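Enquirer: This is what each chain is made of:
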Amino acid sequence: MDNQNLRAAILKLATDPEARANFEKNPEEFAADHNLSTEEVTAIQDPGSEEVRETRPRIIARRYSW
Amino acid sequence: MEPILSVNPTESLWTKGALTEDVCVPYLTTFLSQYQVGDGRVLLVNSLSGAVDVVSGEIAELLQDPGKLSAPLRMRLQERAYFFDTRESELQALARVYDDLHYRAEELPLSFIICPTYQCNFRCPYCYEGTLTSSTQLMSEEQLSSLFSAIEELRAQFPGSPVELELFGGEPLQPATEAVVARVFAFAREKDYPVRIVTNGGSIEHFAPMLLEYRDLISRVLITLDGRPELHNRRRIPLGGGDSFSPIVKGIDILAWMGIPLTIGINADAQNIDHIPWVLKLCEEKGWTKCPSFSFSIQPIDDRTQRGNVRHMLPEHELVQRVQEYWSELEPLWQKIDLAALLTILPHLTSVFGFLGMDRQVGAKPIRRYGHYCWVTTEQVTYYFGQDGLIYLCPVGVGIPQLSVGRFHPQLEIHPEAVALWKGRNAFRFDECSSCRVGPMCGGGCAVTSILNDKTGQSKHCGDTFKVFDGFVSDMVLPVIRGDKYGG
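So the sequence lines, in the order shown, correspond to chains F and C.
Note that the working numbering gives residue 65 to position 62 of the first sequence, counting from 1, and the numbers run on in steps of one.
Note that the working numbering gives residue 154 to position 99 of the second sequence, counting from 1, and the numbers run on in steps of one.
Please note: incorrect hints may appear among the correct ones.
As the list claims (entries may be wrong) - With a Cα cut of at most 20 angstroms, we get these calculated PhoX-like pairs of lysine-lysine:
| hint | chain 1 | residue 1 | chain 2 | residue 2 |
| --- | --- | --- | --- | --- |
| 1 | C | K305 | C | K341 |
| 2 | C | K305 | F | K15 |
| 3 | F | K15 | C | K341 |
Derived from the structure by calculation, the hints contain no laboratory data.
The structure presented is a predicted model; accordingly, all values stated were derived computationally and were not measured.
Here chain C stands alone, though its shape is the one from the complex:
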């Protein structure tokens, strides 16, 4: 039996300059999780380097007493970043890799996301915006003028970076918002900025003439279908009730006919997770998958603002497992399935083991979001402009003034200390995370939940991280190692 079976290749980036061959008592990384395979072997998962290895029980025991390991074995384990010379050299390696991964690439777009209103004409029971969507206020003409000035001022800070606008909400496409949306499109035309739209899709028909006029500027429209019609209509409820499925499908037909890039999403939880194959099949039958850059997004429902209105939430590892069970049905369209929202803690391990059609080679090196819980805290520049005149960094936070980082009306003000709560947030900022066995893959947890729980925003938020991480290994990875499930 091989003493060490490496599941994924080693990324040399990890060990460069961090190791010496003559260390007497190497330092065992703190970023190590160990699991009994059940046949005497032990699975090692290194959240620092991303290495995944299966070793004999004897070697696993010697990790605590590395002086007894043979030199070749010790070097092999060092190459996989299980050993460092010292804690300091471990932290140096960590910082180096983090810096390498988190340069701000010029090609990353600047996203300016506009909420013309917080009002919504749907009442979806799981909505994270809660009662905010009952507001009837729209962005005023004065706010729009301030908004457009703010966008240009912020853009000037990143010369050369492409700009993308997005219409978000509340619901941006309602008859009541028509004049505001027209102003945004006119601004986009003047500046030649592409516009994404996130909409419930209930009023596409009403907006058809405007969408036709600006179709060359629309980079993508994202619409949610929550399952078969009867279930969808119980979850995506128009004000006054009734059928929302049929008008949305008609709306998507209109967008497809216009050749507008589409993302169809499903807000997934235990109630509708098994409807995903049906929705994808509908997309195929309707011909929507033939639209330019069509994608299908699986978006987990969660309760980051802790409103307590989410009843069927599934933890990340269970979502992955449920989708994997019927993956063969989705596989023909795997390239069109966007998993970015689905995987928060688990993208690396999902990739290493090739679940959900992910490329195993991606898992051979650290994920680029390394050390962060989500993209909001990375170097991606995204500003949400709320109807309240405030600026936010996270879609889940819009409309909650406590989570704002500045204002654009009456004039642009960005508060650096508020921005730092988000942009400075990563696994290495908190002492407990920088020595936590899953810290680099968790990233310190959700900033929204953390700031709402602890007004200083200076704390980690573990949430169900360990349950997700260990549950995934136990339910999905170990069966693969043992060769008794998921194709061995």
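One chain only, chain F, in its complex shape:
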């Protein structure tokens, strides 16, 4: 992966709702604009999805408090 391009794409998607909407409508165009590979496009599609949340280890440890 080219981290520089991927970094810029992530920042754009994370901070710009319009870019997010455009990406959802037309991921190919977004990928071309940001020089992203197919693998990178797959990685940034719905990164916080239910599927990812389900695979996250369930521990979410609550530190011993009181």
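We have chain F; now place chain C onto it with these hints.
Expert: Frame of chain F, contents of chain C only:
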């Protein structure tokens, strides 16, 4: 007027087997604090059982002469653990309850906390790590190999317990640490261990591709926002100065977009305590509070290593009081506010009186950390692996070799006598604490400060315990009893 008004229910655990009905001269507990309410009544706070009662002045006087109390009143006070048959039966009750509370639950995770470096790219004036953060050294490949072996070796001692890794520092997420952090994530992937990250948040954008790759393993990221931008930037100072607020906010946006569980914390003192509602509002407006298991942590600034660099520190009772003043603004998000770091001596009393949204029922029984100053000295298994190859038990102690309990490089060595200074530390280890009126709620004080002050580590450290405890009762509890503040 009721002769005894019990503020909280009695936990029967306290008195089971410890009392007899025909004791002629019962023993008055040493764990009792008494306060004049101001209307002739007296407030009793029992740090042994957690009982909080309001009695008439006459009954308060008779506590010293219990033979004159009527049998029903005496039994009532015995049920609240104000009286025992003897000092020995008081100590037996204490030991029994302590043991009941401090079993090591299997579900408690083993926390292995990794400091890839002590270096930090921020220079926050109140930092407890001080000049340590100027170090430029990183964990070497050899240290990492030793670290991963040590984790597996230690883990094998607690079969069945879940494991969690944490990246800590110094600052773990800096461009300079990238290769080390990548190695830790690869190890976590191989073992399927979740990873928490405690970061200043200044370089999240740089790490975005790596965080994206491992987002399914990241159990939580903790980031500090110290108030409105102008104040935050005066407190969270990047090397070379400038704005740290904007890159951190962008970084949190990235994490939120990835759906990573977030804790936003504020390092609270007199300078920024009133900024808490603003920061929480920002979290809401940005949509961060909608992230899975979002929490907001109020973390008091203190000076446990006594570096003398802390200028605006507030004692615990004043912090609670200041936050309570604007609690109604925070209340809609109360379930997301984590008070574990805020309350050291006062969790029980805060709970009994329902301050800061705490459940009054929690206050009906002893707190689980009973007898300990903080979680570090409890049965929770947490190891900090320093960049120096040493192992520590407390985040405040990392990088101070005197506070280490062993090493992981070149091979794992744990020194039981050093561990015992921490894990054996509770209010009942020291004679003065086991008869102190607030001993069970104080726990003998901070281990770090104690060990640094007295190299044997065999002493209590009272610090401002009495000021905090009595100040809280005076400023917050008594007004409630009198019905003239905080809703009566």
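Enquirer: Can you list which hints this structure breaks, lowest number first?
Expert: Hints that this structure does not satisfy do not exist here, as all of them hold.
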